[in-house]
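The residues making up each chain are set out below.
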Amino acid sequence: MWVYVARRIAAVIPVLLVVALIVFMMLRLTPGDPAAVIGGDSATTADIAQIRENLGLDKPMFSQFFIWIGNMLTGNFGESFFYKRPVATLIIDRIEPTLALAISTITLATLLAVPLGTLAAYRQGSWIDRGVMAFSVVSFSVPVFVTGYCLIWLLSVKLGWFPVQGYQNIAAGFGGFIHRLVLPTLALGTIYIALIARMTRTSVLEVLNEDYVRTARAKGLPEMKVVLGHALRNAAVPIVTVIGVGIALLIGGVVVTESVFNIPGLGRLTVDAVLARDYPTVQAVIMLFSVAYVLVNLVIDLLYTVLDPRIRY
Amino acid sequence: MRIVESFKGGVVASSLARGAITTAIAAGLFAAGTLTTQVAQAQTTLRAVMHSDLKIVDPIFTTAYITRNHGYMIYETLFTTDANGDVKPQMVDKYTVSDDKLKWTFTLRDGLVFHDGAPVTSDDVIVSLQRWGSKDATGQKLMSFIKAMTAVDAKTFEISLNSPTGLMLLALGKPSSNVPFIMPKRVAQTPGGEQIREYVGSGPFVFKVDEWKPGDKAVYVKFDKYKPRNEPPSGLAGGHVAKVDRVEWISMPEQQTAVNALVAGEIDLIEQPRHDLLPTLSKSKDVKIIDQNPLGNQYAFRFNTLHKPFDNPKIRAALYEAFNQEDFLQAVIGDPKYYKVCKAMFVCGTPLGSEEGMKDKLESNMNKAKAMLKEAGYDGTPVVLLHSTDLQVLTNLAPVAKSLMERAGFKVDMQSSDWQTVVARRAKKDPPSAGGWNAMLTSWVSADVLNPVSTSFVNASCDKANFGWPCDEQLEKLRDDFARETDPAKQKAIAQAVQNRVVNEFPTHVFLGQWYQPLAHRTNVSGVLEAPAVVLWNIEKK
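Top line first, the protein sequences correspond to chains R and X. Residues in the first sequence are numbered from 771 upward in steps of one, following my numbering. Residues in the second sequence are numbered from 21 upward in steps of one, following my numbering.
A hint or two may mislead.
Straight-line alpha carbon distances no greater than 27 Å define the calculated DSSO-like cross-link-like pairs of lysine-lysine that follow [to be verified]:
1. X:Lys305 <-> R:Lys854
2. R:Lys829 <-> X:Lys233
3. X:Lys303 <-> X:Lys357
4. R:Lys928 <-> X:Lys308
5. R:Lys928 <-> X:Lys242
6. X:Lys233 <-> R:Lys854
7. X:Lys334 <-> R:Lys854
8. R:Lys928 <-> X:Lys205
9. R:Lys829 <-> X:Lys305
Covered stretches of chain R, as calculated for chain X (at least 3 residues, CB under 8 Å) [unchecked claim]:
10. 817–828
11. 835–848
12. 852–866
13. 927–935
14. 969–976
Don't read these hints as lab results, they were simulated from the structure. We put the CB at the ideal spot given by N, CA and C, even for glycine.
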């Protein structure tokens, strides 16, 4: 298996090179000029040309690409055009809120959705099943920002239970950290609860009709053991796959959620950088997301072997 | 058997349901930490959502208004403008002018100290002015009159001129970008084309670089050693007394979130709430909406004079007949409370503002516009009009312009994109068919367009002018005359001549009326000053 892991990690390199090339080209081919943005309304043509030269944007495109790749290989992600700070510093400052939101969302979604989906499958056709499915359809159909604003209006503005916006570092107090994370997690989590619950229900339903479940019951095993030990365990592979896909999709969801709840994370950094045409920042953040995506997929693949001993690499 | 199944099913179901509910409750229990730290510093910390995130912190390097506002937090200027638009000393204690008006001597007031503890000296001032004069259009014009700047002693310096100018105080007291802020000599020695890396001023607040998190917040704390002037505050002049210990500029791009946060009391002030959200804010008894900048802003339609059809001044002049301000203002701002039809290029209600000669202009007289186009020989060349789609205060301008232009007989190709793309594209001199442009719309803070020198759209110095690149010797001569003139009455006459030239003979742009951007704050906040820029001294929070 370790050979497989090493091979998968090695395969990351060409993937990242392709991503790097695409990101670099897309940014350069998208209309917009960071020098004109930095110069402001009163900048003359000469001012803008000077800024372009200072930023190295006057160099040929291939030259800019290889300078960037070369710097990245030495661990230098460049300096933000606007903030005049190392991009690595900007990312480190912003990574905690995004990680916190992503982990809390996936944790909440998994902890709620798997029991709900299993329950819906076990009580197929009952009001519980219909309720869970109705919730799934609605949650999956409503955009995150609508859910977010509705939650803010009800739980923050009207009831005053939660803050409207903002993030508190975990180091500044766990209570405040969680308190500020609840609404964004709920807003972002509803879609994932819906997604995972539906998949869990379908998978468990399939397994519940299998012979070995009937056999387990015939042996007189407690129903709890039948459902959790036999049915859910055997339905776990597709569920874990969906959770993995969910983590990847989370990258997009985080961007919107961080904007609605004013969380200074990587999602907002990406949006700000794209709007300002801050090339070094956009490039570095997308590379980071790509690495995360590839690693999540690798972890999911490895988890299959734990969940299903028949799978071997 | 069914009963047993049902019973077992109930046990499993209730167990699973318990798991889900427990998770939900756990989240709720964690949330029970309730509102805590955010209020801890509420009595002395002012939390403001400004119009933009602070990205560039060098107010000489860029003209961005957010950077200008940052400048007012931490730096000081030699002179400033008061609420009446008059220039008043700020860092300067006294000044004298020689009889031949060729030598100005300035003395700095006592107690001026930079945030690093060093006193402000004449050398700091001179180098700061040199850097500002290398970047700012008004500064460049002033520098063209200056023969030498010399330090007499640590607190006194002289400026010798080649010829007299009426621009000296007007330029040194310039209220908007680029403002001639004074920095330590070592910082101001940075070339104007590079950004400074040290942020030390002598103003009422200290910039906390270690707490600045771009895209999140910028933090300022009261400068204990700051000695304000004794005069009461008026506009940007008078005593700059910091009345809160700490100011946080919270970056909040989503306006709806900012409005919710203000209503909930999580922030104290929104510098520029969107006009369509004002009705929501006005319903809250804890929020007050004020017009903090009585001069407001001015919309402008800018021509690219390099390419057909707007390389022909007569075709450009036809738009002064085709356009009317009300349509633009109504389409974007909507509520007449927040806009004013004003046919004065240098802004209504200011010393140089005049509507003389504008009686029949900007009235959408389409017959006259069509006749002018015919006479000018307009051949149907399409006008590439840039349309910005993401800034609420600009979005509806281009469609209105397109509609009015088409009624006058123009062919218009309106091309939509985000504002940053417009900004990049307007800097291109290429023909419209090769990624260039013919016209675009923007807005200025009125304080930037109060006279012919500071108004960058009437700069007609060809390649040295900003985007649009108008080229007109007569207009440049008028601007030079204005800079030389020291008599206010004659200055006004020259400004009038500039307006006549721009409207009737050599249009550089069309001014499309004034609009006002209110500020919203919690009712426990008071002391917001009326000024062309939002300044946070004098503000109290109870």
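A quick look at each hint next to the structure:
no.	hint	result
1	X:Lys305 <-> R:Lys854	violated (42 Å)
2	R:Lys829 <-> X:Lys233	violated (31 Å)
3	X:Lys303 <-> X:Lys357	holds (17 Å)
4	R:Lys928 <-> X:Lys308	holds (20 Å)
5	R:Lys928 <-> X:Lys242	violated (35 Å)
6	X:Lys233 <-> R:Lys854	holds (12 Å)
7	X:Lys334 <-> R:Lys854	violated (46 Å)
8	R:Lys928 <-> X:Lys205	violated (53 Å)
9	R:Lys829 <-> X:Lys305	violated (56 Å)
10	817–828	holds (count 5)
11	835–848	violated (count 0)
12	852–866	holds (count 7)
13	927–935	holds (count 7)
14	969–976	violated (count 0)
In summary, the numbered hints that this structure violates are 1, 2, 5, 7, 8, 9, 11 and 14.
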